[in-house]
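Trainee: Can you make the complete structure from the sequences, with help from the hints?
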Amino acid sequence: MEMSIVVRTTTWIMVPLMLLFGAYIILTGHLNPGGGFQGGVILGSVSLLYFVAFGLKEGKFSENLASLVEDVSALLLVAVGLLGVVVGKAFFSNFLKESGIFTAGTIPLVNSLIGLKVGVAFVVLFYTFFKYMERRA
Amino acid sequence: MRIAPVLAGILTVVWGGIFYTSVHPEYGELTKVASVYLEQSFTDTGSLNVVAAILADYRLYDTIGEATVLFAAILGVTLILGRNHHRTEQKIKQLDELYGGEPRGNVYRR
Amino acid sequence: MSWINGITVGIVLVLIGFFGCMTRKNLIKIILCIDVVFLGLILFFVGLGYVEEGRAPLLEENPEEALALQENFQYVDPLPQTLMLTTVVVELSVTALALALTIKVYELYKTLNVRELEQ
Numbered sequence: 408m409e410m411s412i413v414v415r416t417t418t419w420i421m422v423p424l425m426l427l428f429g430a431y432i433i434l435t436g437h438l439n440p441g442g443g444f445q446g447g448v449i450l451g452s453v454s455l456l457y458f459v460a461f462g463l464k465e466g467k468f469s470e471n472l473a474s475l476v477e478d479v480s481a482l483l484l485v486a487v488g489l490l491g492v493v494v495g496k497a498f499f500s501n502f503l504k505e506s507g508i509f510t511a512g513t514i515p516l517v518n519s520l521i522g523l524k525v526g527v528a529f530v531v532l533f534y535t536f537f538k539y540m541e542r543r544a
Numbered sequence: 080m081r082i083a084p085v086l087a088g089i090l091t092v093v094w095g096g097i098f099y100t101s102v103h104p105e106y107g108e109l110t111k112v113a114s115v116y117l118e119q120s121f122t123d124t125g126s127l128n129v130v131a132a133i134l135a136d137y138r139l140y141d142t143i144g145e146a147t148v149l150f151a152a153i154l155g156v157t158l159i160l161g162r163n164h165h166r167t168e169q170k171i172k173q174l175d176e177l178y179g180g181e182p183r184g185n186v187y188r189r
Numbered sequence: 388m389s390w391i392n393g394i395t396v397g398i399v400l401v402l403i404g405f406f407g408c409m410t411r412k413n414l415i416k417i418i419l420c421i422d423v424v425f426l427g428l429i430l431f432f433v434g435l436g437y438v439e440e441g442r443a444p445l446l447e448e449n450p451e452e453a454l455a456l457q458e459n460f461q462y463v464d465p466l467p468q469t470l471m472l473t474t475v476v477v478e479l480s481v482t483a484l485a486l487a488l489t490i491k492v493y494e495l496y497k498t499l500n501v502r503e504l505e506q
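Protein sequences, first through last, are from chains B, F and R. Those letters in the first sequence? Residues 408 to 544, by my numbering. Those letters in the second sequence? Residues 80 to 189, by my numbering. Those letters in the third sequence? Residues 388 to 506, by my numbering.
Hints should not be assumed to be uniformly reliable.
As the list claims (entries may be wrong) - Pairs of lysine to aspartate or glutamate residues, derived as DMTMM-like cross-links and limited to a Cα-Cα distance of at most 25 Å, are as follows:
| hint | chain 1 | residue 1 | chain 2 | residue 2 |
| --- | --- | --- | --- | --- |
| 1 | B | K538 | F | E176 |
| 2 | R | K416 | R | E505 |
| 3 | F | K172 | B | E541 |
As the list claims (entries may be wrong) - Not the full set, but computed from the structure, chain R residues with beta-carbon under 8 Å of chain B:
| hint | residue |
| --- | --- |
| 4 | L445 |
| 5 | L472 |
| 6 | V476 |
| 7 | A483 |
Said to hold, decoys possible - Label pairs and their in silico Cβ distance ranges:
| hint | chain 1 | residue 1 | chain 2 | residue 2 | range |
| --- | --- | --- | --- | --- | --- |
| 8 | F | F121 | R | L504 | 50 to 60 Å |
| 9 | B | V413 | R | V481 | 27 to 37 Å |
| 10 | R | K497 | F | T110 | 49 to 59 Å |
| 11 | F | A151 | R | V492 | 13 to 23 Å |
| 12 | R | E448 | B | E541 | 45 to 55 Å |
| 13 | F | V85 | B | R415 | 44 to 54 Å |
| 14 | B | R542 | R | K416 | 21 to 31 Å |
| 15 | B | S469 | R | L484 | 19 to 29 Å |
| 16 | F | Q173 | R | T482 | 31 to 41 Å |
Hints in this document: simulated from the structure, not taken from any laboratory. Cβ coordinates follow ideal geometry from the N, Cα and C atoms, glycine included.
Mentor: Written as structure tokens, this is what we have:
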């Protein structure tokens, strides 16, 4: 289910730029417009472009790794919230604000985890759809 | 004229009227909650983006709940469409050989 | 208050989607009309927080240079926008599940006509 050589070459050029753009929108979410969900959607549309232009190749995409990344990022998100209780303040508090590492506290961390989770959710979704349509011949 | 589209049209117009007359009377000004968020978000969180600060610091609980909704939906899609097991493929081939042609109705109930 | 703002366009979109959802017979068109209802609802809620001559809710570090260009600037209400970000993800989940179910319905019954599916 591949497409022509023009589409394949254009995708092969565009995919690194789109990944970079999605990472930029996630990481500067606390200064410029953007944040977790917006960058995650951009990362997800990269996967759709790749699956439409190149088709599914057996043995080059492991769905278990994608599911594992999604589960681990969701668990880390809850762990970041629970760490507020461990430090000694309220639940889900911004406990990194007074330290010298980040000025905005836990906000870039939460943005990164949300962006990763939404991106990998798109990858798993599109992989399931394409795999089912290939199995149905 | 058939009665179903006319009835649908009348229902939508009535619903639109109810929708439009229920707008908040304070339209055009900032509410009190929004002005507190705009004034205190820089000193509380240290980020310039108010929307990201609300989503990630003031209302982190809603964000985690929404991540759970997304996870449950992807789980549901994977359960409906089936993963790649060899057992399932053999069973599908067996059922296609038994019944063959175009199935109408619920073939997999037996 | 002019008559074309976020609230009226949002209500019109919801009504169009609702009317289309009730009168269409193809299953995929019904799912698309549910999507249109979602989008109209999002536009309605975002348009509720409008302030006259307001700017986007991004604070500035030094407000002097913004005051030099425009006196008494105000910000648009940021609260409905953040809630609508969650709504967009809910819309994605609903559409994905509905399309997955449509694939299975087509595979079993070989038709997508709602009138025939009632059998």
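Trainee: For this structure, which hints from the list above don't hold up?
Mentor: none
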